[in-house]
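A.B. asks: These protein sequence lines are chains A, B and C, in that order.
Going by this note's numbering, 122 is the number at position 122 of the first sequence; the sequence numbering is gapless.
Going by this note's numbering, 430 is the number at position 138 of the second sequence; the sequence numbering is gapless.
Going by this note's numbering, 685 is the number at position 148 of the third sequence; the sequence numbering is gapless.
Calculated directly from the structure, the hints in this document are not laboratory data.
Glycine is no exception: its CB is placed at the ideal position from the N, C-alpha and C atoms.
Zero decoy hints are in this set.
Ranges between beta-carbon positions, derived for each pair:
1) Thr248(A) / Leu739(C): 49 to 55 Å
2) Ala558(C) / Arg477(B): 52 to 58 Å
3) Asp315(B) / Pro236(A): 21 to 27 Å
4) Tyr429(B) / Leu739(C): 33 to 39 Å
5) Ser37(A) / Gly450(B): 28 to 34 Å
6) Trp648(C) / Arg270(A): 41 to 47 Å
7) Pro17(A) / Ala424(B): 22 to 28 Å
8) Asp25(A) / Leu739(C): 46 to 52 Å
9) Pro120(A) / Tyr429(B): 49 to 55 Å
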Amino acid sequence: MTLLRADNVVLSYGKRPVVHGVSLDVVPGGVGLIGESGSGKTTLARAFLGLLTPTSGSIWYGTHPLKNADMKAFRRDVQPVFQAESLDPRMRVGASIAEALKKPAQERVAELMKQVGLSPDLVIRRPHELSGGQRQRVVIARALAVGPKLLILDEPTSALDVTVQARILDLLAGLDTERLLITHNLSVVGRLCRTSHVLFAGRVVESGPTDTLLERPSHPYTRALRDAVPVLGGEPPAAGRSAPPAETGCPFRSRCPLAVQECEQPPPPREVEGRTVACHRAEEVLTGPAGR
Amino acid sequence: MIEVRDLEVRYGTRTVAKVPELDVAAGECVAIVGESGSGKSTTLMSLLGLLENAQVTGQITVCGVDVRNASPRELRAIRGARAALVMQSPQSALSPTTRLGSLMRAALKLHGRAATRAVMAAAVEAVMLDPAILRSYPHEVSGGQAQRFAIALAVALGAEVILADEPTSALDVTVQAEVVALLRRLRAERGLGLLLVSHDLALVSTIADRVLVMKEGDVVESGPAARVLSAPGHAYTRELLEATP
Amino acid sequence: MSVQTAPLRRTLPRVPDRFAAFGAVLIVLITLACLLAPWIAPYPDNEPRPLEGLLPPSSAHWFGTDMVGRDVFTQVLYGGRTSLAIAVVVLAASALAGVTLGMIAGYRGGWLRDVIMRVTDVFLAFPALLLAVSLAAVLGAGVTTVIVAIAVTWWPWYARLAASVAASVSTRPYVDAARCLGVSTPKIILRHVLPNSLTPVLVQVSMDAGGVILIAAALSYLGLGVLEPTAEWGLMVEQGQTLFTTNWWVVTFPGLAIMVTAFAFNMLGEGLRNALDPRRTVR
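Chain A extracted, bound-state conformation (with noise of 0.2 Å):
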């Protein structure tokens, strides 16, 4: 029995929806949720913290869907850990991380502050005056106040530089909770996630194993996110054709250099070499050219 799990999600804006038809389980591991703009990642991210209601489908959380839950048990299971601009900028950090406690006890936000590396010093301090390290770190321990069982990381390390970003990817790698990361960023995954779900256009397109995805990808569009990125003294990123996605069929094949007839009708999600994948044409994806 998973903690959150999503069935069937349609979200909407309005009338047009952003996310058609997500299911997936937030297993033990690490679970990532791998998108770029546009691809409803955040959305879906609101969703499963109970901040947006499915159009159709649902999110259950345990047993329950997440509309007849008890939300006192989920506020208190689920957290999400947002990027650091998500404190409030005129209160002291202190305060922000006793917000959830009961009692607002210093003793347990001092103990929260050591557990993520700060001194607790920092209490009085308000958020622009600490660095973005520091204040991510003040993000983590906010979150952490209520004892979550499991973190809902939405981009937790994309506005930081990159050695205080390995520092911040170190300690959430650290915390005994389970996670869900939703993110852009294909390495920061590789650091968090056992396994992992690709989405494009509001659908997902490829999940397994997070290894397996991004050492031979079975979707074009893995395949070309991974390509995209560069690698330190490797070959200039791969550019792909850019175009919105396609509204009818595949929405990938608008972009998609295998695009065949077949795919004006919309791959089904099938099982290939231990993954799921949403593409007619897999398999040459994988016997293709192994990309660098």
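Following the hints, complete the assembly by docking chains B and C onto the known chain A.
C.D. replies: For chains B and C alone, coordinates are given in the frame of chain A:
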């Protein structure tokens, strides 16, 4: 294209950037890398005389113009034309009520160039954009399109060198790859010089010829990109490289 | 872990905005003068001396005297108490009502926002003067009528402003974070949304003070507002206007008082807007 000697930028008594030597030749890409607060963006802005309330000393020559002692007219002639600035999010710099085409026409006329439909269409096609984009407003185009349009504008105005401040860090990786490919092509085809400010060492390693590593206002290491990024001589460069995934 | 030096730069005290400071000093001086009127006014309040009517400004009567021989300087000081009190009460009441409803509308959104906004539309449709006329018919003219009439047409502006600011603050990640922590709606509004929305409302309130004084003066001028023997700047202008060509001082000094005060509040507002603008970073 760009020649800098003993540049120092100060706010009051605080030195925020100190660059002893920085040269960009035609067709060359030089990158300044560093983390926030390293002074890399300040250095870039100082080269076009775009810093306010700062004391800038040293010798800055951009396209043959002595930037520090140039008249406002001379500065305007290089800024935006021969030396173009490309920023992180060009959309915020574009007037929201002006179509991209009108903007390009105005810019071309301002710099005394022909602004015919054919010239403008050729300019956007050179960056692989559909000429239909000239009829769009800035908010109707994506971040990647806006960035490519900014580069098209620079090229149409006859830019010889582009000064780019984190030009792709607000973009998705797939779009970043397109913009980088475009910059590389312009460099090869037109001998465009490129001064790139970035925090992304992996990206820099795939495009730059030479690298300056800055930390807290100082250049801690500089040299050919291949050497600096594979056999760094400074502990800070090593730290940056280790943190780069 | 050491604190970086870059963020500290922004915590240095800001150079106080000269405009705001000048406006504030002027307002404090005017307010003090009016409050201390019983001690600093050269003559008692509302003391007619019919034999000394319409004397031009002199060392005995700095601003001259009016038709019934009251010292104009004294009357301007006492009149300021009424005018300023009206402004303070109107603005406090409108801001309280407007911000409360605006916060709820902006944070909750949806139908509740629609309902509150429609209500503000209805109130905005009332012309203040017309409302004052009808109120005066019911309540009779007087300070209360002026205050009620202006406040009723004033608060919807604050409700709209507060609602739009609150709506934008409500989408900030720290509000989402608080919701995810299970913080109750009233607490979220009081702790996060209100403090982060207050700046533009405060700026607007200080800019509006001058406007309220002018409208109150206009109502008194029309005979719908403050009545004799209460001194009020608008009333004094009304009484003095027919004498302008012959005895200019009767109308000029209360008129100047209105102008200077309105100007001072506008400067304060303009200065506050600059000083509190988060986009204006000091390097």
